[in-house]
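One letter stands for each residue in the lines below.
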Amino acid sequence: MFLRSRLLMTLFKKDILLEFRQQYSFYGVLLYVASTIFVLYMALGQPENMVWNGLFWMMQLFICVNAVAKTFLQEGKGRQLYFYSLCSPVDFMLARMLFNATLMLLMNGISLLLFNLLLGSPIAHPLLFLGISCFGACSISLVFSFLAAIAARAQQNAALMAILGFPLIIPQLLLLMRLSTLAFSDVYQSGLLTIVGLLAGFDALVVILSVILFPFLWKD
Amino acid sequence: MLRKTWWKILSILLLLYTFTAGFLGSVPQKPILNETIRNLYFHVAMWFVMMILFIVSVVYSVRYLRHNRPIDDVHAVEYARTGIVFGVLGLLTGSVWARYTWGDFWSNDPKQLGAAIALLIYLAYFVLRNSLTDMDKSARISAVYNIFAFAMLFPTIWIIPRMVESLHPGGMGNPAFNTKDIDSRMRVIFYFGAIPGWTLLAVWICSLRIRLHLFAVNHERNV
Chain R
1 MFLRSRLLMT LFKKDILLEF RQQYSFYGVL LYVASTIFVL YMALGQPENM
51 VWNGLFWMMQ LFICVNAVAK TFLQEGKGRQ LYFYSLCSPV DFMLARMLFN
101 ATLMLLMNGI SLLLFNLLLG SPIAHPLLFL GISCFGACSI SLVFSFLAAI
151 AARAQQNAAL MAILGFPLII PQLLLLMRLS TLAFSDVYQS GLLTIVGLLA
201 GFDALVVILS VILFPFLWKD
Chain C
1001 MLRKTWWKIL SILLLLYTFT AGFLGSVPQK PILNETIRNL YFHVAMWFVM
1051 MILFIVSVVY SVRYLRHNRP IDDVHAVEYA RTGIVFGVLG LLTGSVWARY
1101 TWGDFWSNDP KQLGAAIALL IYLAYFVLRN SLTDMDKSAR ISAVYNIFAF
1151 AMLFPTIWII PRMVESLHPG GMGNPAFNTK DIDSRMRVIF YFGAIPGWTL
1201 LAVWICSLRI RLHLFAVNHE RNV
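Just so you know, the protein sequences line up as chains R and C, in that order. Letter by letter, the first sequence follows residues 1 to 220 of the numbering used here. Letter by letter, the second sequence follows residues 1001 to 1223 of the numbering used here.
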C-alpha cells in the first residue's frame, strides 16, 4: 500500500514536471480560458445570475475538454510503451486522474477570477460557490480523463472527445448547476444531500470503472 | 436454442394478442389520457425492450473483454444497434402521444431529454467504432466505451427522473408510467403480452442480423 502510494506520487510528480518543462501547452490552455471569457464579456456584458451560472459551467466543460485531452494526446506511441514497461496501468491512470483534477482546480480558480472580474460578481456566498465549483471541476475532469484515454486510441481525437463526452456529462452538469444556484441567493433547495450524494457516487463510479477498464485500453 | 422456431411463433402470437387485446380491450377512463392510455403496450414496451437490449449488449461487451472472442463483439454491436432502433421507435410513439396529451410533439420534458441523451450516447458508440480501422482494436475499445457509457447512463435514467418535475405519467415516481393509472387487465396484457412479445421480436431481429454479419464475413473469406 505504502509502495503503491509512493509510485502514484512519483507518477503524479512526473506529470507536473512535464507540464513545467513544456509550458507552452499550459499557457495555451490559459490563453484559451482568458480569450473565451473575454469573448463572452464582449457578447453579453454582465448577464443575469442564471445566465452567469450556465455560462460558467459551460466554460468549465470546454476548458476541461481542452486541458484534459491534451495530457493524453500529446504522448507519442513510444512514450506510452515506455510507461507500459515501467508501471502498472492502474497506477498510471490514477496518477493521471489526480493530475487532471489538480489542473482543473487551477483552471477553475482562474476562470472564476476572470468571470468575477469581467462578467460581474452576482454570487452571494462566494465560499460556497468556490467549494461547489471545485467539486464540480474534479467531477468533470475525472470523467474526461477516462474519455481522453479512449479518444487517444482513436484517430480524430479532439472531435471524438466531444461526441463521446457531452451526452455523458449532461446529468452531472445539470446536478452541478442546480447545486450552484444555492450560492446566488438564500433559496431553499430540496434534496440537497441527495444531489451531493449522487455527484459523489458518480465520481466513485468513474474512478472504479477507470481502474477496471483502463488496463484493456492500455495494451495494444 | 436460437435456431428453433417455437419462440418466433410465440413472439408473433404474443404480438397478435397485444394488438387485438390492446386495441379492443377495455381500459380505465382517465381524464386527458382517455384512449391514449393504450400507448402503454407500444411506447412503454419499446423502452423496456431497448433497455433489455442494451443490457444484453453490455453483457456481451464484458464477455468480449474477458475471452477475446470476435463473436461476442458481433453480438454486442447488433444488440446495441437494434436497441437504438427500438429507442427511436419509443421516442416517436412517445412524441405522437405527447402531441395529443401535452399538445406538442416535443416539449423539452426531462424524460424526453433523457431519452435523447441515451440515444446520443449509443450513436457515439457507433462513431467510435467506425473511427477505428483495426478490427481487434475497434472491438476492444468500443467494448470499454460500451461498459463505461452503460454504467454512467443507467443511474441517470433510473434516478434523476425521480428527482425532477415532469409532465410524464409517473411524475416524480416511477420513470416509466403511473402504476395507479392502469388496472389489472391492462397489466396482464402489458407484462404477459407486450413485453415478452416485443422482446422476442427484437431478439429475432438481432439473431438475423448476426447471421447476416457472419454470412458476409464467410463470403468475403471465400471470394
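Be aware that a few hints might be false.
From the structure, some residues in chain C lie toward chain R, with a derived Cβ separation under 7 Å [what the hints assert, rightly or not]:
(1) Ile-1117
(2) Ile-1121
(3) Ala-1151
(4) His-1213
Since the hints were derived computationally from the structure, they do not count as laboratory data. The beta-carbon is built from N, C-alpha and C at its ideal position, and this holds for glycine as well.
Outcome of the hint check:
Among the interface hints, the one on C:Ile-1117 holds; its C-beta lies about 5 Å from the nearest C-beta in chain R, closer than the 7 Å criterion. Satisfaction of the interface hint for C:Ile-1121 is found here, the shortest Cβ-Cβ separation to chain R being roughly 5 Å, below the 7 Å cut-off. At a threshold of 7 Å, the smallest CB-CB gap from C:Ala-1151 to chain R is about 6 Å, leaving the interface hint in force. The interface hint given for C:His-1213 is broken, as the beta carbon of that residue sits about 22 Å from the closest beta carbon of chain R, more than 7 Å.
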